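Undergrad: Using the sequences and the accompanying hints, generate a full structural model.
Here is how the chains run, residue by residue.
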Amino acid sequence: MTEPMVEIKNLVKVFEDGTRAVDGVNLEIMKGETFALFGPNGAGKTTMLHLMLDFIPPDKGSITIAGIDALRHPLEAKKHVGLIAESAKLYEIFSARRNLRYFADLSGKKISNKEIDKVLETVGLSHAADRAVGKFSAGMGRRLVVGVGLLKRPDLLILDEPWTALDPEGAVELSELLNQLKKKEKITMLISTHDIFQAHKVADRIGIMVKGKIRKIVEASEVKDVESLYLKTVEVAK
Amino acid sequence: MIRTIAKKEFLENVLSRKFLLAFILAVIILGTGVVAMCSSYEEKKDWYDTQLNSLEQQLENGTSGYTAIAETELFKVLEEPGALSTLISGQQTTVQLGLGTVGTMLTAASSSEETSSSYTSPLWERFGMLDLTFIIGFLMSLMAIIFSYNSISGEKENGTLKLTLTNSVPKDHVLLGKYIGGTASVLLPFVLSMIIALSIVAVVVGIPFSSADYLAIGVLVLVGCATISAFYLLGVLVSSLTKRSAVSLLVCLFIWIFLAQGIGNVASLTATATTSGMSYDEYRQEYLSISQEVMREYGRENMRQALEIIQERQTALATEFRAQQEAQLNVALSVSMISPAESYTNVGQALAGLSSAEGEQIQEQVSDYIAALSKEYTEWAAAQRENQGGFPGQDGENFFRPGGVTNGGTSETFTPTVHLEDYYQPWGISERVGSVTNDLVAIVMFNILLFVGAYVAFLRYDVR
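Going down the list, the protein sequences come from chains A and B.
Quick note: the first sequence uses the numbering used here, first residue 1, plus one each step.
Quick note: the second sequence uses the numbering used here, first residue 1, plus one each step.
Simulated from the structure, these hints should not be mistaken for laboratory data.
Hints should not be assumed to be uniformly reliable.
[As the list claims (entries may be wrong)] Here are the simulated DSSO-like pairs of lysine-lysine, each with C-alpha atoms no more than 30 Å apart in a straight line:
| id | chain 1 | residue 1 | chain 2 | residue 2 |
| --- | --- | --- | --- | --- |
| 1 | B | LYS243 | A | LYS213 |
| 2 | B | LYS243 | B | LYS7 |
| 3 | A | LYS31 | A | LYS135 |
| 4 | B | LYS7 | A | LYS211 |
| 5 | B | LYS171 | A | LYS109 |
Please read all numbers here as calculations on a predicted model, not as lab measurements.
TA: This is the structure:
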C-alpha cells in the first residue's frame, strides 16, 4: 500500500440552500486499502462519493483517481471505478445473468460470459443466474449489486451504505464477502456507512465525518471499543 | 454504448406486460376498426353503384332536367368511396353552392336531397369508428407516455441510473439509447397491428389499394411513427424534470389529456373568440331576407332583374360566410397544431382526401364547372327561344333535357360540351402532403424541441 489510489484535496461542496455538505476534505486512500467513511446521516459522506463519481460538480478542490484528474476527465476516471449503490434494484424483468451482461457491455471493457459466471459465483448467485431479479430476496438483490460493482474488475470499489436494508444475517454475509474480496482481489474500497460495527469488520482505516469535515481518521485495528467510537461521533454531530 | 442501452431499453419494454397489453389493444382496436370500416366501405360502394345506376338511367330516359348531367358527373367523382376510407374515417367533401337555387342555379349532386349526403350507416353514425387517427392520437400516444414516463425518474428511484453513469458513458448516449430503444418498443405494436390491419383490408376483404394509396399509407405510417416518437419524448422530458415516477406519471397524463382530448375545444373556442363574424342563424336569416328586400324594391314587374340581383347578393353573402368559416377553421387548425395528435389527424384526413383545403379546391373547381355549364345552357336556351319564339314551356329547365322533350311537336336536346373533367382535377399525394406541410413541420419540430428539452433536462438532472 504505497501508492495512493484516491487523492482528494480541499474538496468543497456548498448546496444552494447554503449547506456546506463537504467542507474542505483532504483524503488519501492507498492501493489495496479499505477505507470506511463513517458518520451520521447528513454528514456529507454520500455527497463526497457523488463528487468523486461526477454526479455533481464541486465548488472547489481536486479529486484524483488512479492518477487521473477525475474532475477534468471523469469518463476516463470512471473506467477504474465500480459502484455498489445504496438500495439499488436492478432490472427486475431480466435475469441476474442478463443484468450483469448489460453492465459488462456498458463498462467499455471486454468481459466474457465466463467472467460473468465467475462474478455470479463470487457473490454466491450461480444457482439463481437465470432467475428474474424481480424474484430475488433483498439479500440476493444486494449481492447482485455487489456483482455489478465487481464486474469490470475496478481498481476502486465505492460502496454507498452497503448494509442498509439488509437483515442482520444478510449484513454479516455481505461483510464476509467484502473481506473475501479484500483478500483475494486486493481491490481498493471506499465504504460510506453509518453502520460502524460492520465497517469495523471490513475496513483498514475509518474516517469519522461530521458536518462536511473528516474530523478524525483511525486505524480499525486500533479501535477496541467500537460502541464508544460510535457514541463519541454522535455526540460530536450534535 | 448507445446500442447497448437501446437494446436494454427495447427488451425491458418488450418483455413487460404493458407491451403485451399495448400490442393486444392495438391489434384489437385497429383490427375491429378496419373490419368495421371495410363493412362501411362496402355498404357505401353498393349505395354508390345503385345511385349512379339510377342517375345514369334518368339521363338515358330523359326524365330529368339537364341538372342531371351535372349531378351525375359530380356524383361520379365526389361520392365514389376511396379505399383509404377503410383506414381513415371522416366526412367526404361536401360541395355547397348556396342555400337556394334561382333560375338556372344548380345544386351539386352532393347537396341534393336524394344524393347529397355521403352514405353513412346509422350504426357507425351512432357508435363511430376507431380509425388510424384514433390509434395514433389516442391509443399509441397514451402507450408512448406509459412507456416513457419513468424512463429517467424510474431509473433514478431504482438506483440503476447511478450504476449506469458510474461507467464511462456520456449522458447524451444514455438519453439517445433510451430514446431509440424505447421508441422502437412502442412502434413495434403499432407497425405489427398496421400490417395485420392492411392484410385484413387487402387480402381478406379484398379491397383494392392503388399504388398511390400504398404511398399514402406509407406516409401515414411514417408520420404516425414521428407522432408516437413525439409523445415518447414528451414522457422522457417530463421524466427528466421530475424526481419521482408517480409525479412524472401524473404530469404526463395531465398533458396527454390536454393534447389528445382537450385541444379540440381550446382550438374551437380560440377560433370563435379571435375571429368576428355572423352566426349560422344570422347568415340564414340574412340570406332569406335578401329575396324579400329585393322583391319589395323591384316589384313583380322587374322580376328578371330582381332574380339576377337576388342571386348575385345571395352568392356574395354565401361566399362571405364561407370565407368566415374558413378563417375560423384555419385559426382552429393552427391552434390545434400544438398537439402532435391533432396534427396527425390533419395529415391523415388530408391524405385520405378529406381535408378542408382539398374541399375548398373542389368547391372552386365545381363552381367553375357549374358556372360554365349554366352559361352554356343559358345560351343554348336563348337560341332555342329565338328559333321557336317565346318561352319554351311550362316546366322551365325540364323542357330542354338530354333525352329530348316535345314542345308543340318540336324535340330538342341539350348536349353540353362542358365536362367536369375539364375543371375538376383531383389532388395527388404531393398536393395532399403539400396541404399539410405546417402539420408535418409541427410534428418534426415537436420531436426536435422535445429531444433538445429532454437532453438539456437530463444533462442537468440530479442523479443522486
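Undergrad: Each hint: holds or not?
TA: Checked hints:
Note on LYS243(B) and LYS213(A): the hinted pairing holds, with a Cα-Cα distance of about 28 Å set against a maximum of 30 Å. With a CA separation close to 24 Å, the supplied pair LYS243(B) and LYS7(B) stays within the 30 Å bound. Distance check on the hinted pair: LYS31(A) and LYS135(A) sit about 37 Å apart at the alpha-carbon level, beyond 30 Å; violated. Using a Cα cut-off of 30 Å, the hinted pair LYS7(B) and LYS211(A) is violated, with the two alpha carbons roughly 43 Å apart.
Proposed proximity of LYS171(B) and LYS109(A) is supported: the alpha carbons are some 18 Å apart, at most 30 Å.
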